[in-house]
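Both chains are given apart, each in its own frame, so use the hints to dock them into the complex.
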Amino acid sequence: MAEELDTDFWERDFVKTEEPKEYNTLNVGPTHPATHGVFQNVMLMDGEFIVSTEQTIGYIHRAFEKIAERRPFYQVTPLTDRLNYCSSPLNNMGWHMTVEKLLGIETPKRVDYLRIIVMELARIADHLICNSVIGVDSGALTGFTYIFQDREFIYEIYEEICGARLTTNMGRIGGFERNFSAKAWDKIRHFLKTFPAKLKEFETLLVRNRIFMDRTINVGAFPADRALAYGFTGPNLRACGIDYDVRAMNPYCSYDEFEFIIPVGQNGDTYDRFMVRQEEMKQSLHIIEQAIAKLDAMEDKETYFAKDPRFVLPPKEKVYNNMEALIWHFKIVMGETDIPAGEVYHSIEAANGELGFYLVSDGGRTASRLHFRRPCFIYYQAYPEMVKGAMLSDAILTMSSMNVIAGELDA
Amino acid sequence: MYQINSERNQLVVTKLTNQFTEAIESNEIMADMLCISIKKEAILQALLFLRDDNELQFNFLTTLCGMHYPEQQQLGLVYHLHSFRNNHRIRIKTTTDINDPTFPSSTALWPAANWMEREAFDFFGILFSDHPNLKRILNVEEMKDFPLRKDFPLEDQTREDKDDRMFGR
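Protein chains in written order, with the numbering used here: chain S, 1 to 411; chain U, 1 to 169.
Same shape as in the complex, but just chain U (with noise of 0.2 Å):
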């Protein structure tokens, strides 16, 4: 159904484990895209190393999405990266606690990262270090709640005789 890139998503795994040793979690295929874990100290580092490398050229950043892990009270991002040169794709994960929220802008690789980190601000309260202008971008300035976490409630808060557990999950 969809083909997978044994040889270049062992080249990515091998490069990364040498440059960065016990700052990558794990990696794993899911479905058709490589998916590897990285620590937050050294998710900067990673990105930059992916993108500059000669041989992985992941030159392009399709999308970056917050992710709220409610069991292990962990606030994660995604990064689907994207090397033209080499028709490769991979996604980046890294997470930290939901207490410190906090994790590097990658602003200085890639412009496109300014709003969809301005996003995953707005919905999951995920602070970014070095943001040039870190502020709410699709709900209103005021409000206080980080929506997309999943401890929000999408019906109205104010009822209480509706039972989410009756209106889908």
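Isolated chain S (complex conformation) (with noise of 0.2 Å):
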């Protein structure tokens, strides 16, 4: 005889009868191939479901700002290069206006048109990693081999122009150390003529990429309110549909004689900060064009520093054979040129948004006060709340759509 089937077995809620929820914590970092950096989420876990996130930073702190009081101003440029190594040009160029802004010392067009040509190819490099690692994070690998080698090819132009590669110490405080070699030249006008092309071929990899939309849409938006409260600045903002650029809203080295487009997203979205990154390409090269076009109509091809003594080396000959020219020469390397006292506070639009440098002399050899504003360490506070409830595949791709760099973060 067949035992009786127990029919409420089917009515039975086994919902109700669950055990309270268990959450687990997970470790994001401080080193793991999803940060691309040294920091630490620490997640807690409600299975592939984010419930809250704390993050630890600092584990590459090198006290830059503390540094800083110890050097003469032309010894900070090497920490600056440390920020954001991924462009390490731009922030550079960011500290030596800072710097001229203090002096007072007014750079020649030249040498405006000649940095914003290394500036843009900074920004391009960046944008460059930045783009090609969400296309990782979402497993698309190929564009990241490819599009490494133009990156490549812009560290070689930065060895053609300062001799360096990642961390460029690139120019001097009122211009550049050299003039751009011709091969410099080449080199610059061969990266124009080719990139368009590939980063084309780039953007069909991924933009209409089906299973890159799924994704980067909706992944990780952010409210425009919530950003500007939270201090974004750069694409970040941007693509929360709010046009701030620093470049033209305070145009400094003479971006105000330039034509672009600030593009702008809409949903704030890990799409749109890849979108609006990826037209921000397209117009620096733009810009490049034009200031190759400004240099080309100009008859000057040899100024490449502002005619102000303070800060330039003297030429070789000139030290071992002229008195004054060899103090001039040991008094800057020695850092005791004369510096007023005062503050100024400069920023430029760096690849991740606003760089500012508040700088406090007190008319002693060094600054007594540096202060980096550094985009990242203000825009990462509010990765919490912008994965909150979300999974962790893709927290993992707004994390890399952010563009955290390390460097820049820990200062």
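No lab work stands behind these hints: they were computed from the structure. The C-beta atom is built at its ideal place from N, Cα and C for all residues, glycine as well.
List time: in silico SDA-like cross-link candidates among lysine to any residue, alpha-carbon distance up to 25 Å:
1) U:K135 <-> S:A63
2) S:K307 <-> U:Q3
3) S:K66 <-> U:P153
4) U:K144 <-> U:P132
5) U:K144 <-> S:H61
6) S:K66 <-> U:K150
7) S:K294 <-> U:Y2
Pair by pair, the computed Cβ-Cβ distance ranges are:
8) S:T142 <-> U:F84: 36 to 42 Å
9) S:G241 <-> U:Q74: 39 to 45 Å
10) U:F49 <-> S:T204: 49 to 55 Å
Below is the structure:
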């Protein structure tokens, strides 16, 4: 005789009798391929979903603000290299311009245009890394491997200009250490000729790719008002629909003479951040073309430094044969140049936002206080709010699309 | 070299002086930016006023950093505010005695202030009342000193053969 079937079984409410939920703690970082840098996220997970996040940062804190109080101004430039190391020349130029503002040095137009070429190349290099890494984190390694050739080529251009590649220490207070070589110009022109097609190729891999769109659209969306309250700047803010760009708002380095569009997004999601960077690269190319056209129209091909001898090293023949030149050489190298007392704040549009330098001088040989406004440090605090309730895999995409660079985060 | 928007600067000074009278200690133009010193007691109300006033609209906290003035035995804070609507930047300063290093927290006004205030606490030992999570941010939790204060030596503190005066300042 068959046992009677337990018909009640189907009626029972299993959900209600379930035990209380158990959360897991997950460490993303400090050394984790997803963070692309040394910082930690302690995530409280409900299965695949994030309940809350807490960040721990400071793993590569190098006390730049303290060191800068003991170094002559020109020795601070290598410190700025190591903030956002994906676009060192931008930081270098920002620092030089800050000091020039304090000293009242007016740079010639030619220097401004040369700087703009370098800064826009650095912006392209930085955006290339960020955008290709968004691809990697969503599972598309191809674009990353291809586009790194062009980033490499930009580094070769740096090499022709200043001799270094990653931490460039490029330029001097007042201009550049030397004029751009013929080879550097060849490379810049070659880059302008070949890069647009490669960028297009990269774009076609991702922009209308169904998988990429599904992974990024409406992922990590952040409303504009919250982004403003959290101090977002740069592409992350523009992706939310606010057209704030320091280059246009407070033009420095003759940016007011240039025509460019400030791309904005709508939803502030990962896809918008990607697209804003993508369009910014095209605008950067456009700016470089304009700068080259302006330089070509100039008769002067030799000026690469301001007419202010306080920070330019005299030519070697003069140093060896002329007493005053030798004295100036030593004064500059030993950091004994007279600095006026005062305070300046100068900001530039770096690759991931407004990079500001607040420099206080008491007339001594070094800064009495130097504060860096590091865009990453300020906007990364919004991350827990951005990923709350999101899936872990989406949170990782959100993080890479925010372009958090550990060097800048930790100073 | 740079432009100074004296009209808007004047407006800020007039409005703040009308509202807070003696709490405004001084104002001056430093390079291209208006710099206003405000007494600690009124700082939070002044920031709120600057943010919410219809004409001023300093909606964006650009940066916030700590300061140490060893001669005056004071600690200070420097706020850089930015009005996107008017494209106007100002600098607000406030100080306190080093033995009473507490300021009101501005995290309620701008969430962005959270980490910047933690940084000021970490490096200068400035305390913030009503801060949601005031603990060290870049240095290790066990650290006892406040490294950006001027009396903290940059070189190894255990060494006696190195005189700081010979290295830099």
